[in-house]
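Given the coordinates of chain Z, assemble chain F onto it according to the supplied hints.
Here's the letter readout for the chains.
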Amino acid sequence: MVSVPDAAPVRRNRLTAWFRRSEAAQGYALMSPTLVVLVVGIAVPLLILIAMSMWTRDGFGFDMTPTFANYERAATEPIFGTLLTRSFFVSGLATFFTVLLCYPMAYYVAFHVHRNKMLWIVLMTLPFWTSYLLRVFAWRVILGYEGVINSAFLTAGWIEAPLEFLLYSQTAVIITLAHAWAAFAILPLYVSLEKIDKSLLEAATDLGDGPFTRFMRITLPLSMPGVISACFLIFIPTTGDYITPALLGGPDGVMIGNLIQLQFGPVNNWPMGSALSIVLMAWIAALALVFLFLTRKAKDQLA
Amino acid sequence: MTDDAFISIRNVGKSYGSFRAIEEISLDIAHGEFFSLLGASGCGKTTLLRMLAGFESVSSGEIYIDGQPMSDVPPFQRPVNMVFQNYAIFPHLNVAQNIGYGLRKLKLPRADQDRMIDEMLELVQLTGYGKRRAHELSGGQRQRIALARALILKPKVLLLDEPLGALDKQLREQMQMELRRLQRAIGITFVFVTHDQEEALTLSDRIAVMSGGEVLQVDSPSGLYEAPKTRDVASFIGNMNFLDAQVTGRVNGHAYLDVQGIGKMDIPVKGTTLTEGDKVSVAIRPEKLILHDTAPAGDAIAGEIELTTYLGERSHYHVRVPGCDVPMAISSQNSHMHDPDEAKTGRPVWLTWPNDALIVLER
Chain Z
1 MVSVPDAAPV RRNRLTAWFR RSEAAQGYAL MSPTLVVLVV GIAVPLLILI
51 AMSMWTRDGF GFDMTPTFAN YERAATEPIF GTLLTRSFFV SGLATFFTVL
101 LCYPMAYYVA FHVHRNKMLW IVLMTLPFWT SYLLRVFAWR VILGYEGVIN
151 SAFLTAGWIE APLEFLLYSQ TAVIITLAHA WAAFAILPLY VSLEKIDKSL
201 LEAATDLGDG PFTRFMRITL PLSMPGVISA CFLIFIPTTG DYITPALLGG
251 PDGVMIGNLI QLQFGPVNNW PMGSALSIVL MAWIAALALV FLFLTRKAKD
301 QLA
Chain F
1001 MTDDAFISIR NVGKSYGSFR AIEEISLDIA HGEFFSLLGA SGCGKTTLLR
1051 MLAGFESVSS GEIYIDGQPM SDVPPFQRPV NMVFQNYAIF PHLNVAQNIG
1101 YGLRKLKLPR ADQDRMIDEM LELVQLTGYG KRRAHELSGG QRQRIALARA
1151 LILKPKVLLL DEPLGALDKQ LREQMQMELR RLQRAIGITF VFVTHDQEEA
1201 LTLSDRIAVM SGGEVLQVDS PSGLYEAPKT RDVASFIGNM NFLDAQVTGR
1251 VNGHAYLDVQ GIGKMDIPVK GTTLTEGDKV SVAIRPEKLI LHDTAPAGDA
1301 IAGEIELTTY LGERSHYHVR VPGCDVPMAI SSQNSHMHDP DEAKTGRPVW
1351 LTWPNDALIV LER
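Heads up: the sequence lines are chains Z and F, in that order.
With this note's numbering, the residue at position 298 of the first sequence is 298, and numbering never jumps.
With this note's numbering, the residue at position 275 of the second sequence is 1275, and numbering never jumps.
Don't read these hints as lab results, they were simulated from the structure.
For glycine and all other residues, C-beta sits at the position ideal for the given N, C-alpha and C.
Please note that a few of the clues may not be correct.
[Said to hold, decoys possible] With a straight-line cut-off of 16 Å between C-alpha atoms, the simulated EDC-like cross-links for lysine to aspartate or glutamate are:
{"no.": "1", "chain 1": "F", "residue 1": "Lys1131", "chain 2": "F", "residue 2": "Asp1118"}
{"no.": "2", "chain 1": "F", "residue 1": "Lys1131", "chain 2": "Z", "residue 2": "Glu77"}
{"no.": "3", "chain 1": "Z", "residue 1": "Lys198", "chain 2": "F", "residue 2": "Glu1056"}
{"no.": "4", "chain 1": "F", "residue 1": "Lys1229", "chain 2": "F", "residue 2": "Glu1362"}
{"no.": "5", "chain 1": "F", "residue 1": "Lys1229", "chain 2": "F", "residue 2": "Glu1214"}
{"no.": "6", "chain 1": "F", "residue 1": "Lys1270", "chain 2": "F", "residue 2": "Asp1356"}
[What the hints assert, rightly or not] Quick look at which bits of chain Z chain F covers, simulated, 3 or more residues with Cβ under 8 Å:
{"no.": "7", "stretch": "194 to 200"}
{"no.": "8", "stretch": "203 to 211"}
{"no.": "9", "stretch": "218 to 229"}
The following block holds chain Z by itself, in its conformation from the complex:
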């Protein structure tokens, strides 16, 4: 009986000693809060989504017998395919233009600004401190039938009637997305450009490269990680975006996100919505891998 009170401290000491020695255990302990949030906030809902995508709507409830009927519908009914392709097309173009427009800005700050670089970056991202919704509405004012652009062009006499393709079209969605997500492109591009050792550029010049050749052979390949992450950061969320197409897209601009939102809202077919979400996710993952593969190839070619 005497040994019982002693046993507990000994065991606790042994546990503490093991914890002190094991780096893995310490790592997991440090990670645990994040891990809990990730599991509860991402893994569990994802599993629920996967499970639900195999159910069937039954009035206001669900028939929980597993079936792939929703996926079959997604594959066969043309509306889903059309909207999916359009989503990729629209957000692909938006991504392309965003990166194209942001690259020079990030380049300028990284190479030609020597003081207060952070201030420049903050100023560039300043418009993005306002709400996303507000910016989308602002574009409505700019692109509208009697909006800033049309009335300016009319007054200047460059056009006779307001340009109709500006609002409620894919163009409107692409322009707005390209602007709304610019901050997400500038930051990774800036970081990757800023990291480039300036003496590498001098070395390339010394070895006979003019400014353009040098850019193609050194600056662009070395900033590729930034370009890739900027593309992912914009392409992935914009593909599923539904606010911009809902407010500016018109009938032509509807994207897959709007359809998913419909399934969870007015249509009230959650299992179908889940299936579409999973399909979207799978496609994005596949496209991302292809993109990654292609940029790798291109990088080797440039060298």
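For chain F alone, coordinates are given in the frame of chain Z:
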């Protein structure tokens, strides 16, 4: 411009706003010469090198390379190549691609390019390393790649910006040998920037000592060491004992001096403008002083040992001389077995010197 000047730097100055980094420098460098720019950091040596490369513009004056003025030639068209301080190896390319980087411009057939790259790999003793990535290599290997990458374009001048600074001592000495071997083998002009005086002495045909944006003296290594023209040069290259002195008289080729701690001296001087009453410094190298245990015949300074540092092959002594502010430094070869008693503080010693070892410098 003299006839044998391959690089001619004429009244070249550089200012950043009101700050003058380089003051009106004129220098001639001969073809095939190993020329060093030596000075402490901030003396303008790197700026001058970067002006030769074309990375910095020339504020005034002109640089000629092989007779051609360089002001309007952009860096990617100059007949020079550079080895950078941090080597600037392209991280996304392998060794062969790095070395062959500048060949693309020449539009040679693939086979010729590969052959030239292989030759370069052999020259810098990296045969078989062509497919390696830059980050897999050691500092010395990166150094060789940087050299090969610059030399493959057969530049008229190779510029080297402290290329050995990042290497450890042993590797640095090895690379110094390598550089001299390469320079002799290919016979092109090297302009080498360093803050390490020993390195400059080891490698160079001639050295320009720089300070505060000016060239203090241009001379061969032995010229700089044995006959420095100013006190700054004398103290920058090697160690030197300085004794304050005053000129008491001049006779043809001789100056009579009153030297602190020694008294009256008669020193042979050549072609200086010393006149009676001038305050000067008498300088002597530590290894030129001879240490005696007993009073020798003739001129000698008496003193006592203050500090001894035993360095194996040599010993350094500090000898306190009555009347001198700082102790005299003496370096002597340990040609006989070391006796710890000799190192005792306070032991009386006498110093003598060869007559031609004294240098008179203006103060």
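Evaluated hints:
1. Lys1131/F <-> Asp1118/F: 12 Å, holds
2. Lys1131/F <-> Glu77/Z: 52 Å, violated
3. Lys198/Z <-> Glu1056/F: With a Cα-Cα distance of about 14 Å, the restraint between Lys198/Z and Glu1056/F holds, given a limit of 16 Å.
4. Lys1229/F <-> Glu1362/F: The given pair, whose Cα atoms are some 9 Å apart, holds under the 16 Å limit.
5. Lys1229/F <-> Glu1214/F: At roughly 14 Å apart (the allowed maximum being 16 Å), Glu1214/F and Lys1229/F satisfy the hint.
6. Lys1270/F <-> Asp1356/F: Since the Cα atoms of Lys1270/F and Asp1356/F sit roughly 11 Å apart, the hinted pair holds (cutoff 16 Å).
7. 194 to 200: holds (count 3)
8. 203 to 211: holds (count 8)
9. 218 to 229: holds (count 3)
Checked against the numbered hints above, the structure breaks only hint 2 and satisfies the rest.
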